[in-house]
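Protein sequence lines, in the order shown, are assigned to chains A and B.
The numbering used here applies: residue 1 is where the first sequence begins, and numbers increase by one.
The numbering used here applies: residue 1001 is where the second sequence begins, and numbers increase by one.
Treat the hints as calculated values from the structure; they're not laboratory data.
Treat the hints with caution; some may be incorrect.
Unchecked claim - A few chain A positions that, by computed beta-carbon distances, are all more than 12 Å from chain B:
(1) K76
(2) I89
(3) T147
(4) K182
(5) A192
(6) E194
(7) E199
(8) V207
(9) D219
(10) A220
(11) E233
Unchecked claim - Non-contacting residues of chain A with respect to chain B, defined by C-beta distances greater than 10 Å in every case (computed):
(12) D92
(13) R197
(14) G206
(15) K224
What the hints assert, rightly or not - A partial selection of chain A residues facing chain B, derived with a Cβ cut-off under 7 Å:
(16) C165
(17) W195
(18) T268
Note that beta-carbon positions come from the ideal geometry of N, C-alpha and C, so glycine has one too.
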Amino acid sequence: MTENNQEIQEQTAPSEKANTAKKARTNLVSRREFVTMLIGSGMTMVLAATLAEPLNPIVQSVLAARPPLPTDPSHKRHWVMVIDLSKCIGCDYCVYACEATNDTTDDMRWNIRIDDETETGEVFHVTRPCLHCRNAPCVEVCPVGATYHRDDGLVVMDYDKCIGCRYCEAACPYGARSFNWKDRGDTPNTRAPEWGRPEVPRRQRGVVEKCTFCIHRIDAGLAKGLMPGADPEATPACVNICPVRARFFGDINNPNSEVARIIATTPTLRLREDLGTDPSVYYIPPRGLA
Amino acid sequence: MSTLSLKPSQRTALSRLWIIFLIALMGVGLVAGIHVLTNGLGVTNLNNHTPWGLWIIIDISSIALGAGAFTLSAAVYVFGLKQYAAIARAAVFVGILGYSSAMLALLMDIGRPDRFYHPLIYWNVHSVLWEITVAVVFYTSVLVLELLPIIIESTPLKRYRLARGIGHLLHRVMPIVALVGMGISMIHQSSLGATYGILTARPVWYSPSAPVLFILSAVAAGPALTVFLTLVVSQLSGRQMVPRDVLYGVIKFIGFACLAYLYLKLWSWAASFYYSRVPERDLSLELLTTNTPYGFTFWWGEVFFGALVPAVIFLWSRLRRHTSLVMIGAALVILGLVMNRWNVTLSGFVVPLDWSPGVREVFSINTYAPALVEWAVAVGIIGYATLAFTLGVRYLKLYPYASEQAESVSQDKVEPKIQVPSPVRDYGG
């Protein structure tokens, strides 16, 4: 409860000063972290002492496998997307750019557009990438853990583990997953080069795939010191191409990011919040939609 | 039975024809299977809206129909009802056929059959499907352990001391094996229902009663298949394969299992559709009843003919004496179970997902009918199981207490007298 309140306070903090103050405070080692470290180091010493001289190889491997102490204590990243339905004109540019960049076909789109309407009959367009749920049903049901959460919140696929059982397709509430029913061989991508060039290898027949938030751009960009969401090279193709700037991308845990500011200041909705999936895609509702 | 009046030479010819027919079925399945393996699942009618179809239905049906093995083994070894040893062996054999058929169907269904072992090395313990996969592997091993003594006893293997020793040892540890088997079975038979029941996004599936409904129906239909096959063998061979009191015991048990299933099924329905209302669930049911034969098949196929009629036949002692009625009843239970698995699997996919925030009905209903190649693979799997059963009955001692020579088993009415007990046998082993 209190944690939630804090989060809300953080998100809705009126000035940036408050945010930086918060950030400065989190830089310090918290009491819990301090105690954990103390216990951890104590246990290591006790182990080392009891096992005598050259460390037992088991202990060595345990120590080696321990995650390194956080060198960048700022925050844990969590990538989110904001899609402004009041701006979206349903041009499908994001759909095509995704198809070209991630090398998909018309019947296995990672990012789709549908037309819906408000209670007053006004038509609006919804585009839907993978929502990268924090409680993702696909991750929960996958028998082999081929789809999993990364530390930065992305729900990703390990194509080498997937056995193609398609339980994730049955479980995903948003129909965001597609299966490779056929071997696509070298058939040309119908959206390239007009909408972009394939940037990732084509998936093999028999595995499930889905939107990755252009993980390859994020990772390569970060390695170059670019900021996903701000630098186009490190930003998902669908966000870059949007002619009306209806899509935003960034780190929700960075209070200075555009997405964090939008989410803190604008009412947003997420798809099927009642299911408790806690998606990472936030929609700014169109006028007339509660 | 007409075959009884045939001359031995005619009977051999007929059985040879039957075996050739089954091999032909397997051939059809093999050709279709190779077609699927080389060209991918794109040749089926499955798609991203209906990613599961006929093969998954076969998979979950055959696992349920193999449930006679754990039910009757538990009766013998866990609950000490030794007389059921007369039918438990056949049940174990049918169980192996069910589980191997399920594995065949699954192997065809997954996109990467070459990675079938992945669940054993990459664990996601939170996945109900992982738990099922591991349990099915373990339980199939249990079934093999239960079958091994039968194989040793029925084949020239019994001449070897080592084999006899293994058989004897297995026989001694069988109570533990059966207990473990019962535990694993109860878990994964229920988890198969949970596979559907836990998916919150599909209102037709999302239900806490699904796991229990699955195991109750399996506990009814598994022994029903064993009884049906046993009666077919009895009719064809003219021998009584299982003492009548044992058969009646199993039949009564199936009847009660049907009642338990009906009880939960009706309450599950009443609680979700009559006494309470969830708009999404109501809409789903409406979509199903207006667009598919779901309502008809549910009430008539699953409830009335699939459970109620068999329960009446099996529990009413005057009806249960008619072998032909019992066979019809068992067949109804089996068909009712398959229809239930069909309805469960497809209903959840037919109703489209609804995630759009507006008021328009954006997503249209999904349709699916198995492609020819899917049917062909199905025919092959059924051919395999039937052939294996035919050969098993011929070469394995599946019915240790079968009467020695042909009795007059009249097809329609078994004499109403109480069965004269067969000479006292030592069931204890």
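Checked hints:
Even its closest Cβ contact with chain B, about 22 Å, leaves A/K76 beyond 12 Å, as expected for a residue assigned away from the interface. Listed as outside the interface, A/I89 is consistent with that label: its C-beta sits roughly 16 Å from the nearest C-beta of chain B, beyond the 12 Å cut-off. For A/T147, the non-interface assignment is contradicted: its Cβ lies about 9 Å from the closest Cβ of chain B, within the 12 Å cut-off. Separation of A/K182 from chain B is inadequate, the least Cβ-Cβ distance of about 4 Å not exceeding the 12 Å criterion.
Every Cβ of chain B is farther than 12 Å from the Cβ of A/A192; the closest lies at roughly 22 Å, confirming the non-interface assignment. Here A/E194 stays apart from chain B, with its beta-carbon at least about 25 Å from theirs, past the 12 Å limit. The claim that A/E199 lies off the interface holds: its Cβ sits roughly 23 Å from the closest Cβ of chain B, which is beyond the 12 Å cut-off. Look at A/V207: its CB is around 6 Å from the nearest CB on chain B, not clear of 12 Å, so calling it non-interface is violated.
Non-interface call for A/D219 relative to chain B: holds, since the shortest CB-CB distance, roughly 23 Å, exceeds 12 Å. No Cβ of chain B approaches the Cβ of A/A220 within 12 Å, the least distance being about 27 Å, so the stated non-interface status holds. Every beta carbon of chain B lies more than 12 Å from that of A/E233, the smallest distance being close to 31 Å; the non-interface claim holds. With a least beta-carbon separation of about 16 Å from chain B, A/D92 lies farther than 10 Å from that chain, consistent with its non-interface assignment.
Distance check for A/R197 against chain B: the nearest CB is about 25 Å away, which clears 10 Å, and the non-interface claim stands. Annotated as non-interface, A/G206 brings its C-beta within 10 Å of a C-beta of chain B; the closest such distance is 3 Å. In this structure A/K224 is separated from chain B by more than 10 Å, as the shortest Cβ-Cβ distance comes to about 32 Å. Against a cut-off of 7 Å between C-beta atoms, the interface hint on A/C165 holds, since the closest Cβ of chain B lies about 5 Å away.
For A/W195, the shortest C-beta to C-beta distance to chain B is roughly 22 Å, which exceeds 7 Å, and the interface hint is violated. Using the Cβ-Cβ criterion of 7 Å, the hint placing A/T268 at the interface with chain B is not satisfied: the shortest such distance is roughly 11 Å.
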